[in-house]
Amino acid sequence: MTTATAPTAGIPVGPGLSMFDPIFVGIDEFGHPVYITLAYRNLLAGGEPGGGKSGLLNTIAAHAALSVDSRLVLLDGKLVELGQWEDCADAFIGPDITAALDVLKRLQVVMNNRYAWLRAHGRRKLTAADGLSVITVLVDEIAFYSATVGSKQEQEEFVALLRDLVARGRAAGIPVVAATQRPSFDIIPTSLRDLFGYRAAFRCTTPNSSNIVLGHGWAEQGYTATDISPSNQGAAYLIAEGGTPQRIKVAYLSDSQIAGIADYAAWIRRPRPLPALVPDLTRVDLGMAA
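Mapped onto UniProt numbering, the consecutive letters of the sequence shown carry residue numbers 1 to 290.
Among the clues, some could well be false.
What the hints assert, rightly or not - Result set (DSS-like, lysine-lysine): computed pairs, CA atoms no more than 25 Å apart in a straight line:
| hint | residue 1 | residue 2 |
| --- | --- | --- |
| 1 | Lys78 | Lys125 |
| 2 | Lys125 | Lys152 |
| 3 | Lys105 | Lys152 |
| 4 | Lys105 | Lys125 |
For the record, the hints were derived by calculation from the structure and aren't laboratory data.
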């Protein structure tokens, strides 16, 4: 774990995480901890409602909110799945396709500027030493923006912008974490799915839906999310690039725990200096105080 450097003045509020650190997401079937490194990869989660996708997104959001080198961009058509992180985010988009398109276009500009900077320095990707923030983009329910709200043209534009961000964003420090309740080819075409370095299949109703998330052929080899019990919320098959699906149980944060973490994260992200909030005891005249 990376520890934040203590400020030269004031009182440090505690250790800081980094988006370049491995992120704890749960345990495997043997009880061993499971970590993912998200800075240079994207993550796709799919499965039926109530399977545990939001739990995974909130676990990642918690790490990002507490990371000293992270900025959050949240898209949540229902407002409530990621809503508790709103005060920690640079942008929080609800059921508004126009606002969603606007924020993706702004991220595209940032991505292009970062690639121009990398090219000028003869580099291929950002590192923690560059001092630039990792902009973590979380999308809860791709289908809402790509197939439900807005016009057909706006939906197609959303998919095109998201695909570009997933394809090019990771080396520029802009990873995408996206979830959908509708793992179908019209929502997650192969050209988009294969761009996600991590893919998590929560309970699916058909082997085909499981294959759409994990990749074609895995269900036939015995790795199918249809065998996950409906009562086993948070269970999923997780696959990384070039790997084999791994059965995991995603870590769960209750609403009260999320509220506590989000409140603390928002507090440490405030642009107010600590000396204005905490008395500087080094300047107290101890003789007079006695």
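List of violated hint numbers, smallest to largest: When the structure is compared with the hints, numbers 1, 2 turn out to be violated.
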